[in-house]
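Novice: Below, each chain spelled out in residue letters.
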Amino acid sequence: MEYQKYIEGRKAVITCKNVCKEFDIRDRKQAGSFRVIDDLSLSIYENEFVVLFGPGECGKTSAINILSGLDRPTAGSVFQGDTQITRPGIERGVVYQSIALFPWLTVMGNVEFGPKARGIDRTQSRKRAQELINLVGLQGFENAFPISLSGGMRQRVGIARAYANDPEVLFMDEPFGALDAQTRYMMEEEILRIYEHEKRTVVFVTNNIEEAVFLADRIILLKSCPTSVKQEYIIDLERPRSYTAPRFLEIRQKITRDMDKAL
Amino acid sequence: MKKDFFSKYTVISIISVTLFFVIWYVLTAKMMIVPAYVMPDPLKVFGALLRKFTVKTPDGATLGSHIAASLQVALMGFGFGTGLGVPLGILMAWYKTVDRVARPIFDFLRPIPPIAWIPVMILWLGIGTEARAAVIFMSAFIPNVINSYTGIQQTSQVHIWVGRTFGASDFELLTRVAIPSALPNIFTGMRLSLGTSWVSLVSAEMLASTRGLGYMIQIGRQFSRTDLVLAGMIAIGILGGLLAVILEKVENRIVKGRQGYGK
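If you read the sequences in order, they're chains A and B.
In terms of the working numbering, the first sequence is residues 1 to 263.
In terms of the working numbering, the second sequence is residues 264 to 526.
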């Protein structure tokens with residue numbers, strides 16, 4: 001009931017229908033396949049902050065690679081609006097756990113990479129890149145190379161870079177997984193500030209329950225491998241949320257209870 | 264760099280070099296443990312080196328023109344070896360077809376030592392500049408191909424993903440992601456090539472030449488001018504070192520933002 005009310009009047013941006021993914025395993029003796037995703041169906045709505053939450057190694061990254069078009073499903077299909085997603089594209093930005101900035105480019109060069117590759121006018125792409133660098137709080141570091149930045153600062157660049165092509169949807173695959181705990185808390189607040197400022201649909205993957213409840217409008221709980229949707233939760237807590245508020249802890253406890261145990 | 268010049272390590276190095284020459288001097292000029300025609304003292308060698316700038320005997324040219332001849336051949340062979348080797352390595356790593364076409368031939372040529380080409384090059388091209396340049400080409404070509412190939416192959420998968428989510432075409436991925444990311448390896452190949460070029464240059468000049476530092480050494484030996492042989496070796500060492508330093512400066516200008524590069 002709550003879910004019906006939540007989606008009322010919202011436009012689905014990404015629709016994933018009966019997706020399965022198998023990887024071939026080539027052993028010396030036998031060939032077989034390993035099923036990572038088993039009949040995954042979900043919808044992502046406009047401008048919502050969705051968290052895909054599941055136990056470790058459950059196939060979250062495979063799912064995000066299929067949703068963003070980097071990988072093709074073995075069966076089923078994914079649509080953005082009315083268009084089927086068959087390959088990566090500028091309508092879908094991705095932020096990676098490994099951050100993966102181009103080490104040979106400066107902060108500005110990294111953020112500008114997308115618009116430049118698209119052939120956007122130089123002055124215009126520079127202006128937009130500067131705006132995003134300011135938004136993620138890195139003004140003054142435009143000409144720094146990633147090697148000289150801290151982990152948190154690097155991921156800020158990663159976020160600015162993903163925003164630079166103005167994608168309709170942003171996929172974030174455990175973006176703070178490689179950061180230390182303090183930086184992680186700070187970045188969780190930062191990502192919400194950026195999200196409020198530049199409203200986009202965000203699909204955020206994590207295996208950290210606290211992070212999930214802190215960020216999400218809606219949490220999609222995934223089963224352990226082979227994965228599919230186990231349960232969905234609408235998180236209607238006011239922002240900014242407190243990690244220790246009774247309601248917060250209650251939700252956190254409920255989801256943890258529902259979750260499959262990781263292997 | 265200036266600040267470190269008189270650090271204790273610099274002092275240690277200066278002492279070690281001085282000690283080397285002092286011991287050399289004492290053993291040869293003072294204790295005379297070997298006759299001077301077998302091992303002249305360092306003052307004689309440096310005297311010969313300096314005089315050779317103006318004296319043409321016994322090999323018919325001054326040190327300057329020997330150096331010019333050697334440099335010309337080395338840079339020509341190295342230039343072509345790099346100019347063809349780097350692109351071939353890149354294309355072999357990026358395009359499977361090129362790999363399949365070029366690899367069998369390349370794998371066959373690879374284990375042949377560069378100086379093994381000298382006889383056949385003399386047969387084909389005479390004992391002029393071309394034969395020597397061709398030998399140098401072979402020695403510069405192979406490390407360039409191998410290292411460029413490795414560099415492109417080591418391009419991070421996530422960097423390719425980033426490029427693809429920005430809508431880069433296959434060719435753009437090569438030029439804007441794979442090649443920049445392979446630059447440190449490409450330069451490693453060039454450094455190795457430069458080293459082997461210089462080594463095989465001298466071998467080639469000793470066998471097939473009428474000018475050049477290798478030729479000068481060869482003639483020095485025939486006339487029992489050990490001082491000239493050693494002077495030639497010192498000139499080869501200094502020039503080889505200088506070339507390496509120049510390449511390193513170029514590298515530091517081009518390769519940015521990587522561990523161990525640039526300040």
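Hints in this document: simulated from the structure, not taken from any laboratory.
This one's a predicted model, so the numbers in the text were calculated from it and none came from an experiment.
Mixed in with the good hints there might be a few duds.
Claimed, not checked - Below, a sample of chain B positions facing chain A; criterion: calculated Cβ distance under 10 Å:
{"no.": "1", "residue": "S328"}
{"no.": "2", "residue": "I330"}
{"no.": "3", "residue": "Y358"}
{"no.": "4", "residue": "K359"}
{"no.": "5", "residue": "L388"}
{"no.": "6", "residue": "I390"}
{"no.": "7", "residue": "G391"}
{"no.": "8", "residue": "S419"}
{"no.": "9", "residue": "H422"}
{"no.": "10", "residue": "L437"}
{"no.": "11", "residue": "P443"}
{"no.": "12", "residue": "N515"}
{"no.": "13", "residue": "R516"}
{"no.": "14", "residue": "V518"}
{"no.": "15", "residue": "G520"}
{"no.": "16", "residue": "Q522"}
Ideal Cβ positions, reconstructed from N, Cα and C, are used throughout, including at glycine.
Novice: Enumerate the violated hints, using their earlier numbering and listing them in ascending order.
Specialist: Of the numbered hints, 1, 2, 3, 4, 5, 6, 7, 10, 12 and 13 do not hold.
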